[in-house]
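> Residue numbers (our numbering): 1 to 172.
FYI, nobody ran anything at the bench for these hints, they're computed from the structure. Be a bit skeptical, because a hint or two may be false.
Stated by the list, open to error - Using C-beta positions, here's what the derived DEER-type ranges look like:
hint, residue 1, residue 2, range
1, Thr113, Leu134, 29 to 39 Å
2, Gln120, Ala79, 56 to 66 Å
3, Trp55, Thr35, 28 to 38 Å
4, Ala72, Gly111, 52 to 62 Å
5, Ile88, Val115, 33 to 43 Å
6, Asp33, Lys74, 55 to 65 Å
7, Glu96, Lys76, 28 to 38 Å
8, Lys76, Thr113, 25 to 35 Å
9, Met31, Glu54, 55 to 65 Å
10, Thr93, Thr113, 22 to 32 Å
11, Leu77, Glu100, 33 to 43 Å
12, Lys125, Gln87, 50 to 60 Å
13, Ser86, Asp58, 37 to 47 Å
Even for Gly, the Cβ is constructed at its ideal location relative to N, Cα and C.
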Amino acid sequence: MQKLLLAVTAYGAARGEESTGNALAKVLELMDDLTSKVQADGEAAEKAYKEYFEWCDDVDKNTRFEIKTSKAQKEKLTASIEKAKSQIEVSTTKIEELAEAISKDEKELEGATKVRKEEQATFEKAETSSLKVLTPLIAPLASWRERWKRIQPLLHRSTHQTCKRSWQLLAE
Numbered sequence: 001m002q003k004l005l006l007a008v009t010a011y012g013a014a015r016g017e018e019s020t021g022n023a024l025a026k027v028l029e030l031m032d033d034l035t036s037k038v039q040a041d042g043e044a045a046e047k048a049y050k051e052y053f054e055w056c057d058d059v060d061k062n063t064r065f066e067i068k069t070s071k072a073q074k075e076k077l078t079a080s081i082e083k084a085k086s087q088i089e090v091s092t093t094k095i096e097e098l099a100e101a102i103s104k105d106e107k108e109l110e111g112a113t114k115v116r117k118e119e120q121a122t123f124e125k126a127e128t129s130s131l132k133v134l135t136p137l138i139a140p141l142a143s144w145r146e147r148w149k150r151i152q153p154l155l156h157r158s159t160h161q162t163c164k165r166s167w168q169l170l171a172e
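Make a model of the complete structure from these sequences and hints.
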């Protein structure tokens, strides 16, 4: 039994040395793992920092470019606004001039219309009075015209009898 005890003790002592050595190896292994993890995290953080730094540079460049572009666009738009204001002033002046011309033309049209109505009334009065005078003359003229139409073919004949007949027809 002593032998067994001695064997267990020897085994335990060997195991104890082994576990003590094993524990130290484990600590060293954990420290190596931790070191590699810290280095990997450091490298990842450095990589992330570089990406962030590049992103900041890109944003800075883009923002500067946008500001420059916006300023140029603002200047163009300001020039366009000024040009439009100028055109508005010119157009307003032209509209006022045209409104005055239209007003003047409307007054002239009113005057011409008034004169035309007066002339038409004068013409109608003259026409009425002329018809009063000429109407009694028209009927005898129509009668003479009818007689003339009957006499005219006879006048082309140059005989004495024809002339006599013509005078008779005119006398009727």
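> Give a verdict on every hint.
Hint check results:
1. Thr113 with Leu134: 29 to 39 Å: holds, 30 Å
2. Gln120 with Ala79: 56 to 66 Å: With Cβ atoms ~59 Å apart, the hint holds.
3. Trp55 with Thr35: 28 to 38 Å: Distance hint for tryptophan 55, threonine 35 holds at roughly 30 Å.
4. Ala72 with Gly111: 52 to 62 Å: Taking Cβ atoms as reference, alanine 72 and glycine 111 lie about 58 Å apart, which means the hint holds.
5. Ile88 with Val115: 33 to 43 Å: For valine 115 against isoleucine 88, whose Cβ atoms are near 40 Å apart, the range 33 to 43 Å holds.
6. Asp33 with Lys74: 55 to 65 Å: Cβ of aspartate 33 to Cβ of lysine 74: about 59 Å, so the range 55 to 65 Å holds.
7. Glu96 with Lys76: 28 to 38 Å: holds, 31 Å
8. Lys76 with Thr113: 25 to 35 Å: violated, 53 Å
9. Met31 with Glu54: 55 to 65 Å: At roughly 34 Å between Cβ atoms, glutamate 54 and methionine 31 fall outside 55 to 65 Å, so the hint is violated.
10. Thr93 with Thr113: 22 to 32 Å: holds, 30 Å
11. Leu77 with Glu100: 33 to 43 Å: Holds, at about 35 Å.
12. Lys125 with Gln87: 50 to 60 Å: holds, 56 Å
13. Ser86 with Asp58: 37 to 47 Å: holds, 42 Å
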